[in-house]
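Build out the structure end to end from the sequences listed, making use of the hints.
Keeping their order, the protein sequence lines are chains A and B. Just so it is clear: in the first sequence, position 134 is 127 by our numbering, and no numbers are missing. Just so it is clear: in the second sequence, position 10 is 753 by our numbering, and no numbers are missing.
Treat the hints with care, since some could be wrong.
[Claimed, not checked] Residues of chain A placed beyond 10 Å of chain B at every Cβ, according to the derived structure:
1) Gly33
2) Ala39
3) Lys49
4) Glu88
5) Asn125
6) Arg164
7) Asp168
8) Met194
9) Gly261
10) Glu280
11) Leu318
12) Gln338
13) Lys344
14) Ile346
15) Asn347
[Stated by the list, open to error] The calculated lysine-lysine pairs, modelled on DSSO-like cross-linking and capped at a C-alpha distance of 27 Å, are:
16) Lys62/A with Lys111/A
17) Lys344/A with Lys266/A
18) Lys49/A with Lys779/B
19) Lys928/B with Lys49/A
[What the hints assert, rightly or not] Quick list of the computed label-pair ranges, beta carbon to beta carbon:
20) Arg363/A with Asn932/B: 38 to 44 Å
21) Asn807/B with Lys226/A: 38 to 44 Å
22) Gln935/B with Phe91/A: 46 to 52 Å
23) Gly241/A with Trp939/B: 19 to 25 Å
24) Asp848/B with Met234/A: 46 to 52 Å
25) Gly786/B with Gln304/A: 51 to 57 Å
Derived by calculation from the structure, the hints in this document are not laboratory data. Beta carbons are placed, not taken as given, at the ideal position from N, Cα and C, and that holds for glycine.
Single-letter residue listing:
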Amino acid sequence: MKKNQTILILLIVIVTISSVTGLGLWLRSSKPVPVEATPGWEQLAASSVLALKAGKAKEAEEFCTRAMKMLGETGTEDLRLVKTYMLMGEIYRWENKFNLAEQSFKKSVIICEKSIGKDHPDMIIPIESLANFYYYTLIDYDKVASLYERIFNIIGKISGSDNNQLAIRARNLADVYSLLGRYAQAEPLYKQALALTEKAMVPNESDLVQYLLSLADLYQKWGKCNLAELSAKRALAIREMKQKESSGPDSQLDIVVCLDALGKIYLGCNRSKESELSYSRSLKIIEKIWGINSPDLATRLTGLASALRNQHKYVQAEAHYIRSLSILEKGLGYNSSEIIPVLEQYAELMKLINKPKEAKTLLSRTDSIRAFNNN
Amino acid sequence: MKKLLVITLSCIIFSACQKEEVTPKEVKAAWSSSDKFAKWSNGGYTIYNNVWGSGAGWQTIWANNGTNWGVTCQHSGGGIKSYPNNEKWLNKTTNNTPWCGTWFDVTPGSGAFSSTFDVWGNGQQYEIMMWMNKQGAIGPIGSLQASNQSIGGHTWNVYKGPNGSITVFSFVRTSNINSANVDHKAIWNYIQGKGWWNNPTINNIQFGFEITNTNNTTQNFTCNGRSDWNG
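Structure representation (structure tokens):
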């Protein structure tokens, strides 16, 4: 019994070590990944992350440099070096040293290419880090798009690749195309994500809905109102069907997501009455789950107010804008950026009812909030 | 007369020096400190000031107890300056924790910041970040795995990616909030359901403010209360 327990513990230790030292092996490939043998790197890398988390960036940099030096002795074939450069990129990013961060992320890609080849599935990890840097830090979507294209192509080349991963990557690439206004390129990718999900033996409803809503959002931006409505309505129908089985808060929130999408589509397509109905329904659910003062109400109240404004129901519209503003000011603060879209919409109403002075005051407040938050 | 002149000159020099110096605000509380890495334990929680980053201004942390705490600070420019937080240890596997949640209520100041949970699993193997209120351009690590996922009463966009040897799961709430119940167990079940981990030990749950800037004005970030429960 004792011997069996020892073997079991040893097995657990081996499995744990393997999983810790692996480089994101959620995708398998025919080419074996080099074995990682040098002890101590894990500890240095983890200490570096922890130091960064504890606010000690210099210490984090030192741990990371030590980890790099340690690996320098084993040569650049070691995949841990890839991770170390990625980590250094993160540290530089936190320190606002963007040039150094970019160099580190790029270096991790180059080392990985040399080590395992350009099309190896594990290439995705450093490419993704570089893309993430361009996405959130430099906000350069063109560069993100080309890196996401590369990731999508790598996954597409893997024989018998995971459809779920392919769908996720297709959607992510489509999202960036959509941000760049390249709608015609985004559409087939969203459709592909949807088709891949539908193809599954038991399609994941949550995935179906998210891809349908992404497609709906694209069509709305593209001005294809009917297609947008069709996609969002299909998503809502899936959620409503599911709600018959479970009516907990999560399934109600799932419905809210679809109603909000429909409300937005109708608002953008000059179908204000339908928008009003969608937002009213969504509002009631949120009030029930989160209460009548939740900041979560604000976007729905603003949408509803705009739908009413477009129907010339100005008094009702104004009341909703004021409530939305009040909730946000109390819940998130007077200078919260969430207030800006409410003020802008409210200002539109003021212009419509010939109160240019009030509109100007509202818009000047948006300027001061922007200035405050961008400083 | 000469003595008076010396005193007057000393006062002028002293006040000129004072103008250039950034002075932390005095805070009346059970504990307070302006030390960059000050920490204080009370009632099963540890509170950290955690100030870093080039160009960080001043920051004073205070606490009445382990769950009612805050910082008064002044920061400017880009880049995260600090992550003042309070931490609760759990050290239980997810399977042996049938329920686990946190209620929090905060009043953040103005500026660029996020109110964030940081949950650590299997030592430093896994990290779950839950972004409850995000102001500014900083984003999660990794790639978007799923959008608009309703989990534990909140709707999130879910990201996953590596940071060094750590796998980071980021749950970014689709809208901002300052007071809520958070169902950690529901989040852990979601991660387990995706096959991203297998019954890890959850070590500690941190909650605090990641502050980038306060527009160079003095701001208060307050955690009015926090309570944790698990089974």
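Hints, one by one, checked against the model:
no. : hint                               : verdict
1   : Gly33                              : holds, 12 Å
2   : Ala39                              : violated, 4 Å
3   : Lys49                              : violated, 6 Å
4   : Glu88                              : violated, 6 Å
5   : Asn125                             : violated, 7 Å
6   : Arg164                             : violated, 8 Å
7   : Asp168                             : violated, 7 Å
8   : Met194                             : holds, 17 Å
9   : Gly261                             : holds, 19 Å
10  : Glu280                             : holds, 14 Å
11  : Leu318                             : holds, 15 Å
12  : Gln338                             : holds, 16 Å
13  : Lys344                             : holds, 27 Å
14  : Ile346                             : holds, 29 Å
15  : Asn347                             : holds, 33 Å
16  : Lys62/A with Lys111/A              : holds, 25 Å
17  : Lys344/A with Lys266/A             : holds, 21 Å
18  : Lys49/A with Lys779/B              : holds, 10 Å
19  : Lys928/B with Lys49/A              : violated, 30 Å
20  : Arg363/A with Asn932/B: 38 to 44 Å : holds, 40 Å
21  : Asn807/B with Lys226/A: 38 to 44 Å : violated, 52 Å
22  : Gln935/B with Phe91/A: 46 to 52 Å  : violated, 37 Å
23  : Gly241/A with Trp939/B: 19 to 25 Å : holds, 23 Å
24  : Asp848/B with Met234/A: 46 to 52 Å : violated, 36 Å
25  : Gly786/B with Gln304/A: 51 to 57 Å : holds, 54 Å
Of the numbered hints listed earlier, those contradicted by the structure are 2, 3, 4, 5, 6, 7, 19, 21, 22, 24.
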